[in-house]
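> In case you want the letters, here they are:
2 protein chains.
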Amino acid sequence: MTGTTGRSAAGGLDTLDTPCLILDEAKLLANLQGMRSHLDQLGVAFRPHLKTAKSIDVARRAMTSPRGPATVSTLKEAEYFAERGVHDLTYAVGIAPHKLDRVGAIRGRWGADLAVILDSVAQAEAVAAWSGANGDPLPVFIEIDADGHRSGVKPDDADLIRAIGGRLAPASLRGVLLHAGDSYGLSDPDSLAAAAEAERAAACRAADILRAAGLACPVVSVGSTPTARHARDLSGVTEVRAGVFMFGDLVQAGIGSCAVGDIAVSVLTTVIGHRPDRGWIVTDAGWMAMSRDRGTARQAVDQGYGLVCDLDGVPIPGLIVAEANQEHGVVALRAASGARLPDLPVGTKLRILPNHACATAAQYDRYHVLGKDGRFGEIWPRINGW
Amino acid sequence: MTGTTGRSAAGGLDTLDTPCLILDEAKLLANLQGMRSHLDQLGVAFRPHLKTAKSIDVARRAMTSPRGPATVSTLKEAEYFAERGVHDLTYAVGIAPHKLDRVGAIRGRWGADLAVILDSVAQAEAVAAWSGANGDPLPVFIEIDADGHRSGVKPDDADLIRAIGGRLAPASLRGVLLHAGDSYGLSDPDSLAAAAEAERAAACRAADILRAAGLACPVVSVGSTPTARHARDLSGVTEVRAGVFMFGDLVQAGIGSCAVGDIAVSVLTTVIGHRPDRGWIVTDAGWMAMSRDRGTARQAVDQGYGLVCDLDGVPIPGLIVAEANQEHGVVALRAASGARLPDLPVGTKLRILPNHACATAAQYDRYHVLGKDGRFGEIWPRINGW
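Chains as they are written, first to last, in my numbering: chain A, 1 to 386; chain B, 1 to 386.
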């Protein structure tokens with residue numbers, strides 16, 4: 001654990017208290033470059049979703065410009081990023097009417113172009129009324145349901161799409177927005193490409209309905225890491241939102257949206273005990289450190305609460321976090337792994353790759369950064385909450 | 001939702017932004033009183049576990065005195081509470097040697113009597129060496145395995161128990177400590193009473209081994225909300241640690257350690273959409289607001305991501321959070337509930353009872369308190385992280 005070669009020695013990872021969250025900047029930058037090249041080839045703009053990172057330092061590396069564009073999942077994110085100069089923002093969760101004053105305050109205080117989304121006439125009327133009363137024509141996306149996953153108007157419900165579009169004035173219709181969440185259940189490239197195509201087709205259909213009704217629909221926004229990664233054609237789409245791909249995680253690896261070696265975040269932990277009778281190595285990274293996310297349980301390879309790596313981030317054959325209590329991780333060999341339980345004495349430091357980067361990162365208030373130059377020590381703060 | 005009677009109107013809960021975490025002080029105090037009376041009858045001291053609440057305001061209501069005793073699950077909790085005058089503390093997660101300097105700093109800076117736990121000779125030797133080098137004889141518990149759940153020496157491994165006890169000097173053996181975690185899988189009172197008795201018997205057996213070897217073992221510490229609740233006799237035990245009972249949650253209700261009506265924490269959320277074709281009501285409390293904990297999935301009644309209540313905290317028949325995305329909750333009727341989906345327009349505020357209070361509370365940095373006097377408005381901060 002105090003090797004004299006490799007990044008761990010150079011970086012001093014082993015000097016950190018545990019558990020803590022490590023971010024590998026070189027992997028982050030490679031993931032960003034990969035997505036940018038892919039979207040450039042498809043001819044669409046990129047509006048990165050900042051809900052995974054919730055960090056201005058990550059955002060500045062992800063965005064086209066310091067001003068954005070970007071996507072957020074909470075108004076607290078909108079405030080945090082707007083205060084730091086990110087002024088082209090979409091709040092991509094259906095607007096609750098009582099939140100409009102807070103949206104207006106963000107627009108007013110920082111001059112941010114913050115757009116909202118909605119999928120009902122009731123919301124459209126609330127936004128129209130607010131825009132009129134405040135003299136601030138809010139930019140609005142109509143959320144369209146790509147695949148029955150959660151919110152949105154069905155793309156074949158032309159009456160409702162037109163009704164919402166027609167009730168927005170004096171708010172301003174900016175376009176349509178979709179999220180193909182069901183793509184998280186897929187794992188072969190052709191099915192994922194088909195999901196991306198279905199998302200694109202639903203988006204274009206809804207945009208056509210609005211345009212045929214004489215309403216402008218300048219922006220056609222789609223997003224989900226799996227469909228963004230696997231889209232082969234995005235004709236008619238103007239922008240893509242995606243976020244978790246920046247870090248990657250075991251769920252995305254199971255889907256085929258990244259390789260295990262691309263995962264940029266890991267939890268540093270320390271061995272605190274052993275149960276040789278059970279083949280257990282106990283660590284101080286329990287579910288509080290990893291989150292309760294068990295997203296890989298539904299996939300072909302169940303990774304427990306995470307994949308165990310050495311201090312250099314290299315997976316140790318067969319080893320996963322098989323169980324977790326609040327502050328205890330139980331590391332064990334995967335069933336039928338054929339591997340031998342390694343000798344990891346009390347005090348050994350390990351790195352755990354998470355199932356779900358959004359959930360794991362949310363358990364921390366900072367990233368300990370392994371810099372792209374191989375140097376370690378920078379800390380990037382992140383926010384949580386609402 | 002703006003009724004003119006009841007606590008919601010008096011309290012102004014409906015004026016809060018969402019999602020946020022509500023704590024009902026009257027229920028908290030009743031839960032504490034119930035545990036205190038029970039332990040008084042059994043003749044054992046109470047060392048409340050503060051890992052659920054992580055709040056000095058809750059701690060002061062739970063502890064016998066402002067000084068403690070209390071239990072913590074992280075050194076950050078120990079620092080936070082020690083700084084606020086709680087000086088009788090046990091850090092009840094196996095000690096990693098590199099954390100001893102931080103333990104020593106807490107003891108030195110605040111004069112706190114902070115004890116550590118361990119279950120190996122390697123840890124005992126590290127603690128002994130640290131105590132010697134720093135002239136600070138650390139108080140130490142030997143962790144005993146009550147039921148094969150995670151850490152601890154087996155109570156019949158007399159050689160190991162004696163070997164650890166014998167290597168501690170100049171650190172100071174304070175006693176034995178157990179956590180009957182397998183009790184979380186039970187649900188009938190007799191099995192739970194049997195688990196409590198097994199925990200007690202294992203504790204006494206280990207203490208007897210130490211005493212027979214001529215080692216003092218003044219404290220015999222057991223703990224877990226289910227076994228604490230269901231213990232019928234605790235002869236030989238000197239103290240009980242338990243924490244989640246203060247708030248209660250749906251997992252504890254499923255075990256039979258509390259009633260649904262006893263649950264003191266809930267997440268306030270707002271309806272943001274509907275999918276009538278699917279019977280869904282969409283809210284702004286997704287898994288980020290509830291945590292990813294699905295602890296009731298293993299119980300007789302699966303509560304999804306939580307039980308849906310009105311603004312007064314009364315469950316709405318048949319309604320649960322059936323699915324969750326990061327910032328979206330999907331509220332729906334439980335399968336075969338026989339109930340009718342209620343009309344809950346966009347903007348309606350609801351309260352969700354959580355599966356697991358420790359995990360849900362950890363998603364927040366504060367409690368919005370519904371005071372025991374029925375008044376609302378106090379905010380109690382809480383900490384997270386390590």
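For the record, the hints were derived by calculation from the structure and aren't laboratory data. Treat the hints loosely; a few may be bogus.
Identical copies carry no separate label here, and so any pair may be met within one copy or between two of them.
Listed next, the in silico EDC-like pairs over lysine to aspartate or glutamate satisfying Cα-Cα at most 20 Å (straight line) [unchecked claim]:
| # | residue 1 | residue 2 |
| --- | --- | --- |
| 1 | K76 | D17 |
| 2 | K372 | D113 |
| 3 | K372 | D88 |
| 4 | K372 | D57 |
| 5 | K372 | D147 |
| 6 | K154 | D182 |
| 7 | K76 | E323 |
| 8 | K154 | D277 |
| 9 | K76 | D365 |
| 10 | K76 | D57 |
| 11 | K76 | D277 |
| 12 | K76 | D312 |
| 13 | K372 | D101 |
| 14 | K76 | E197 |
| 15 | K372 | E125 |
| 16 | K154 | D57 |
| 17 | K154 | D373 |
These numbers were taken from a predicted model, which means no experiment stands behind them.
> All hints, please: hold or fail.
A quick look at each hint next to the structure:
1. K76 <-> D17: Intra 29 Å, inter 11 Å, cutoff 20 Å: inter-copy only.
2. K372 <-> D113: Neither: 32 Å inside a chain and 43 Å across chains, both beyond 20 Å.
3. K372 <-> D88: neither (28 Å within a copy, 45 Å between copies)
4. K372 <-> D57: For K372 and D57, only the intra-copy Cα distance (13 Å) is at most 20 Å; the inter-copy one is 43 Å.
5. K372 <-> D147: neither (38 Å within a copy, 46 Å between copies)
6. K154 <-> D182: within (15 Å within a copy, 46 Å between copies)
7. K76 <-> E323: neither (33 Å within a copy, 23 Å between copies)
8. K154 <-> D277: For K154 and D277, only the inter-copy Cα distance (10 Å) is at most 20 Å; the intra-copy one is 55 Å.
9. K76 <-> D365: both (14 Å within a copy, 13 Å between copies)
10. K76 <-> D57: within (17 Å within a copy, 25 Å between copies)
11. K76 <-> D277: neither (48 Å within a copy, 32 Å between copies)
12. K76 <-> D312: Neither way: K76 and D312 sit 35 Å apart in one copy and 27 Å across, limit 20 Å.
13. K372 <-> D101: Neither way: K372 and D101 sit 41 Å apart in one copy and 31 Å across, limit 20 Å.
14. K76 <-> E197: neither (33 Å within a copy, 48 Å between copies)
15. K372 <-> E125: Result: close neither inside a copy nor across copies, 49 Å intra and 39 Å inter.
16. K154 <-> D57: neither (37 Å within a copy, 48 Å between copies)
17. K154 <-> D373: So K154 and D373 fail the 20 Å test inside a copy (48 Å) and across (48 Å) alike.
Violated hints, listed in ascending order, are 2, 3, 5, 7, 11, 12, 13, 14, 15, 16 and 17; each of the other numbered hints is respected by the structure.
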